[in-house]
Each structure stands twice: as structure tokens, then as C-alpha cells.
Amino acid sequence: SHLKAFMASLRKLQDNEVMTDVTLILPDQSAIQCHKVVLMAVSPFFETMFQSGLKEAVEQDIKLDFADSGTIRSLVKFFYTGDIKLTAENIKAIVAGSEFLYCQHLKAHCEEFLMGNVGLSNCIDYYQFGKVFNLEMLIKTTFDFILYKFGEFMEISNFDKLTEDELADIVSCDRLNAENEDVVFEAVVHWVNADPDVREEVFPRIAPLIRFPFCTQTMLTDKICCSSLVLKSECIQLAQEAVWSQFHLNCEWKSEQEMLQAEKNPLIVQLADKVYAFGGWETRVTQEFDPALNEWRMRSRMPGGCCYGSAVALGDKIYVVGGY
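Per the UniProt record's numbering, residue 1 is the first one in the sequence shown, and the count goes up by one each step.
Derived by calculation from the structure, the hints in this document are not laboratory data.
Quantities reported herein were computed from a predicted structural model and do not represent experimental measurements.
A few of these clues could be false.
Claimed, not checked - Listed next, with one range per pair, are the computed distances between beta-carbon atoms:
1) 179 - 7: 30 to 36 Å
2) 200 - 270: 49 to 55 Å
3) 137 - 174: 20 to 26 Å
4) 41 - 112: 21 to 27 Å
5) 140 - 7: 28 to 34 Å
6) 174 - 88: 31 to 37 Å
7) 257 - 308: 21 to 27 Å
8) 131 - 194: 42 to 48 Å
9) 68 - 112: 53 to 59 Å
10) 137 - 194: 26 to 32 Å
11) 19 - 137: 36 to 42 Å
12) 174 - 308: 50 to 56 Å
13) 19 - 173: 54 to 60 Å
Glycine is no exception: its CB is placed at the ideal position from the N, C-alpha and C atoms.
All chains should be modelled from the sequences, with the hints used to inform the complete structure.
So this is what it looks like as C-alpha cells:
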């Protein structure tokens, strides 16, 4: 095509230093012969430089140090050919260079490359990089990826490098993909433990964003309400309210350890931290349940059988009354 032929001829002119009128001096002191008109056509940076009336507008040699020599060479080659090799190793330097030279079309091309290579190993890095250089599409892509893969936060590289505001944005998002809030709590604790001296003070600001009522009962009772982070902050009230919600609003039957001897219509009473079951249908068996150990034990048999009676605890004694 005409465009390809034109670019090839332009590159040939540069390679042969035909009609070149400016020399770019790189950080390693190597030089590249160029045409001012080409640099100006591609980069507003050079357009401003050569039309500003400053000394660079008339000087033959222009020193450049905004990037390493290899990056500048790649950029100049792109100016003359429209081609550039992007890799995971050079992409950040190319983006920074295109930003410096105001090459928005190259910056957009780099953004597409980054978006096509987002994964667990780089999503946090690319998310933060996108914010530095205002790569809006990359920011959205990486943020959505983090939300979708949040359940695998332990596999996400640099998860603990998130800032407080970034973590808050993620945790509070309604599109967060997590099996339950157990995962969210564990992720926040993991993030805090990465720098406890600083982040323990941050935890009370992040914790209210966790939807504690959607945590499992086991997590609430066994971990969250016992967590030193929660206990040391005002968030314990949030956790306790969630426990109340779980046990009082979401009533459900839970299977516990089976009795040692199944009984029909036993008398049930609680004393201290134990539960006692007396008799049943024409039996004198006494069984004790210890919730802490989740086990039943046999205790002294009743003097006589008792059915359809009642058992009550008073002081440190249990009384069985009524029935027959």
C-alpha cells in the first residue's frame, strides 16, 4: 500500500542519513540522525521544542535523558516505521516515554497490550500503573479482574501492596466475587498482617466495609469475634450484631453429637455450661452434654423413671418434678 511504501522510504532515508537535520544524543552518548519534520509530526513534544524559539530549535544536537537509550531507540524506530515490539519487560518504559513525548496513539496501543495480558501475577501492578499514567481502560479492566478473582486473593501477586483506598474500593464494591464474606475478612486480615505496625490503625476504617452478616456462623464465632484486630477496635460491635443476626434471624437446625442412648421425650435442662437429659419413656438414664468438647457422658441414674415431667435448675441443683 501507499502508506507502507511511504514508511519504508522514510526509514530508508533515515538509515542513510539523507536530509537529516537533527541529531538525538542518547544517555549512553550514542546518536540517532533524524528529520525534525518527522519528529514534529509524531510528537507534540518535539513540535513544541522546534517551534518554541528556544536554543533547541536551532541546535543540531539534542540531548535526551527521559528514558534509557534502548527505549528512546524503540520510540524513534516507531516514529519512522509505525512498528514497535512490546514485551512485559519494556512496556512500562514505552508507556512512560510515550507519555513524556505526548504520543497518545502509541500510549493507547500500549494500553491495549497491557489489557490483553492481565493475570493474577500482574493485575495489582497494572492497576496501580494504570492510575499513574491515567490509562482508564486498563484501570477498569484490572479492577474488574481483581473483583472477579478476589476469591483467589492468596494467588494474586502484590495483593498486600494495595493502598488503603484501593483496598476499600475493592472490598466495598457490590460486584465483588466472593463465596461469602469469610473470604473478604481473611483478605483484609492478610493485608493488615503484611505491615501490622501501620495497618492495624487502618483496620477500623476498612472493617465496616465488610458485610459481617454474610459471614458464616463458624467464622463469626470461631475467628472474627476472637480476632485480636476486631477486639482491639470498635468493630467488635459490628461482629456481635452479625452473630445476633445469624442466630436469631436465620434460625436453622444444626446437627450435634448424638446422645449415647437415644431417648423418647427426655427432660432437658441447662446447668452452668452443660446440658442434661433425664429419662424419657420409662427410663432412668441421665446424660450430660459438654458443648465445649462436643461430647455426651453418662451420669448417675435417677432413683426412678419419669415421663412427661419437667426439669429445672436452681442454684447448683437440678430438680425433676411432675410426670409419672
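Given the range 42 to 48 Å, decide if the beta-carbon distance of residue 131 to residue 194 lies inside it. Between residue 131 and residue 194, where Cβ atoms are some 20 Å apart, the hint is violated.
Do the beta carbons of residue 257 and residue 308 sit within 21 to 27 Å of each other? Holds, at about 26 Å.
Pairwise beta carbon distance, residue 41 to residue 112, judged against the given window 21 to 27 Å: holds, 22 Å
Evaluate the given range 28 to 34 Å for the C-beta pair formed by residue 140 and residue 7. At roughly 33 Å between Cβ atoms, residue 7 and residue 140 fall inside 28 to 34 Å, so the hint holds.
Could one say that the CB atoms of residue 174 and residue 88 fall in the range 31 to 37 Å? holds, 32 Å
Would you say the C-beta atoms of residue 19 and residue 173 sit inside 54 to 60 Å of each other? holds, 56 Å
Kindly confirm whether 53 to 59 Å is satisfied by the beta carbon distance between residue 68 and residue 112. Given about 23 Å between the Cβ atoms, the range is violated.
Hint says 36 to 42 Å; check whether the CB-CB distance for residue 19 and residue 137 agrees. Since residue 19 and residue 137 have Cβ atoms about 39 Å apart, the given range 36 to 42 Å holds.
Between residue 174 and residue 308, does the C-beta distance stay in 50 to 56 Å? Distance hint for residue 174, residue 308 holds at roughly 54 Å.
Evaluate the given range 20 to 26 Å for the C-beta pair formed by residue 137 and residue 174. holds, 21 Å
Does the Cβ-Cβ separation between residue 137 and residue 194 fall within 26 to 32 Å? holds, 29 Å
Using the C-beta atoms of residue 179 and residue 7, is the stated range 30 to 36 Å upheld? violated, 53 Å
Hint compliance for this structure: hints 1, 2, 8, 9 are broken, all remaining hints hold.
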